[in-house]
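> Here is how the chains run, residue by residue.
2 protein chains.
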Amino acid sequence: MTISGNTRLIAHLGWPTENFKAPMIYNPWLAAQNVDVKVVPMGVRPEAFAAFVPTLFTLTNLVGALVTMPHKVVTAGLVQQLTPTAAIAGACNAIRREEDGSLTGDMFDGDGFVQGILHKGFIPDNARALVVGCGGVGSAIAASLAAVGVPALTLFDTRESSAQALAMRLLRHYPTLDVTLMKNDPQGHSLVVNATPLGMSPGDPLPLDTDRLRPGTFVGEVVMSQTWTPFLQAAMERDCQVQRGTDMLFEMIPAYLRFFGLPVATPEQLRQHAEIKE
Amino acid sequence: MTISGNTRLIAHLGWPTENFKAPMIYNPWLAAQNVDVKVVPMGVRPEAFAAFVPTLFTLTNLVGALVTMPHKVVTAGLVQQLTPTAAIAGACNAIRREEDGSLTGDMFDGDGFVQGILHKGFIPDNARALVVGCGGVGSAIAASLAAVGVPALTLFDTRESSAQALAMRLLRHYPTLDVTLMKNDPQGHSLVVNATPLGMSPGDPLPLDTDRLRPGTFVGEVVMSQTWTPFLQAAMERDCQVQRGTDMLFEMIPAYLRFFGLPVATPEQLRQHAEIKE
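Here the protein sequences line up with chains A and B, keeping their order.
All residue numbers for the first sequence refer to full-length UniProt numbering, where the first residue is 1 and numbers rise by one.
All residue numbers for the second sequence refer to full-length UniProt numbering, where the first residue is 1 and numbers rise by one.
Okay, chain A solo, but in the shape it has when bound (with noise of 0.2 Å):
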């Protein structure tokens, strides 16, 4: 569909950005809608960001904004309202602009990241589930699954006051819930999550000892910028059921292009029309 001056954006905010893959999947999907959107990719460094958001949203043709890295932290701090999901995880990855023109943050990280893993068989109930990286992302993942009924988190990163930061907030909201910190043991886990960017950058460390992940563990992955990274790849030599990073992504932008008014279409329909190869 031809760009024109009656084409309504959304701005895909993140830095570097040549990893994005958001724009492949809304763009063709929604043409096929006949919607006048596009997502277009901005690169936003981190000191120009906060002086950005707000003068973006006084476009006229803006439908909203996707967040990603390294941005869904600050912005939690830059909108005026944030959903349940978006205050527990303490970061947004999509704004939009309200009638009164106020913004409100949103976060689907973690929705889809559990999305997608009860779509594959995981069983919330008595699960103990770990999470490395209690950033953005991490802290949604560990949000949406207290949401869906896993009674126990353990929670690491390798800054320690990230994990009792999400911690305090977890329990403000699920006060019953088993938190342990600082362990990036898999073992005793049916459900491990890499929440780091560890992945991204050719010879990264593993998130954690991955000889430790025991044969029919879930194993989830945020990284995007290569399908099969080498923490997935060893959890498949160890017979683990895995969910790739671009599998998230899929199964949350149902919500997103719930959020912003948008057409929904299920990820099997995403998939469908999608300019990249998964």
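Everything labelled a hint here was simulated from the structure, so no lab data went into it.
Bear in mind the structure is a predicted one, so any value in this text is a computation, not a measurement.
Do not take every clue at face value.
Claimed, not checked - Simulated coverage check for chain A against chain B, where a stretch passes if three residues somewhere in it have a Cβ under 8 Å from a Cβ of chain B:
#1 15-22
#2 34-43
#3 48-57
#4 148-158
#5 220-227
Stated by the list, open to error - FRET-style restraints, in silico, Cβ to Cβ:
#6 B:S102 <-> A:V74: 35 to 43 Å
#7 B:T2 <-> A:M236: 51 to 59 Å
#8 B:P46 <-> A:I276: 53 to 61 Å
#9 B:G77 <-> A:P46: 23 to 31 Å
#10 B:T2 <-> A:D185: 39 to 47 Å
#11 B:E47 <-> A:V74: 21 to 29 Å
#12 B:T2 <-> A:Q226: 14 to 22 Å
#13 B:R45 <-> A:K120: 45 to 53 Å
Note that beta-carbon positions come from the ideal geometry of N, C-alpha and C, so glycine has one too.
Here the structure of chain A is known, so what remains is to put chain B in place on it, guided by the hints.
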């Protein structure tokens, strides 16, 4: 060409955006050259513009900005360097970021207009031109007419101060120019230009008394929202030689492409690829 994380942007700034033509001219040409750059419309209200421009230029994947109504005059005060043409015009329709981070503004409306009428056979020597409307585009056309050697200009604007200010800027650079102020009678002129927005809305009055147009006069129009404005229709009925707003657009784009460091097209090549009819 698919929008991806590698796509660079040219922001097309104006308000309202609905009549924008540039995306449908630039984007097919750039795609045909395998250049991953997209012109995208960004609607900016006047009160938001001064804050938006500096933050826009913090984007890492921005090539530059096209500036259209109502922002061209304001832009001249928002950049660190003006080209000579932009300085005389007192307005900019293009902005790029230099390596040192500073912004340079240039103005191609006048060059586009003048290239177009020169291609149609207009001879500048001994010509007298009437420019109705002394805002950004009218000033630019006057500057470019003086630059190609038109010796006599008549300037008219409903705000007399605008016409006077333009006359002073012209005379500073072209001290021998014969400038007449505040007459909008086309008689005695070999070139007559509507550089006002009159013609954009149904029911607009004509910019001047078309009954006084002589056959053979060159008559140019800057309004692009309709191909044949009532003003141009009246001029054709009087056997004038006419130039449409969209003619000017195609003629100025080669200079824009050069300014942004992109592959340069001739107006004919642009027309072959364009996704709009003229």
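> Each hint needs a verdict: does it hold in this structure or not?
Structure-based check of each hint:
| no. | hint | result |
| --- | --- | --- |
| 1 | 15-22 | holds (count 7) |
| 2 | 34-43 | holds (count 6) |
| 3 | 48-57 | holds (count 5) |
| 4 | 148-158 | violated (count 0) |
| 5 | 220-227 | violated (count 0) |
| 6 | B:S102 <-> A:V74: 35 to 43 Å | violated, 27 Å |
| 7 | B:T2 <-> A:M236: 51 to 59 Å | violated, 30 Å |
| 8 | B:P46 <-> A:I276: 53 to 61 Å | violated, 39 Å |
| 9 | B:G77 <-> A:P46: 23 to 31 Å | holds, 29 Å |
| 10 | B:T2 <-> A:D185: 39 to 47 Å | holds, 43 Å |
| 11 | B:E47 <-> A:V74: 21 to 29 Å | holds, 26 Å |
| 12 | B:T2 <-> A:Q226: 14 to 22 Å | holds, 20 Å |
| 13 | B:R45 <-> A:K120: 45 to 53 Å | holds, 47 Å |
Hints 4, 5, 6, 7 and 8, counting from the list given before, are not met by this structure.
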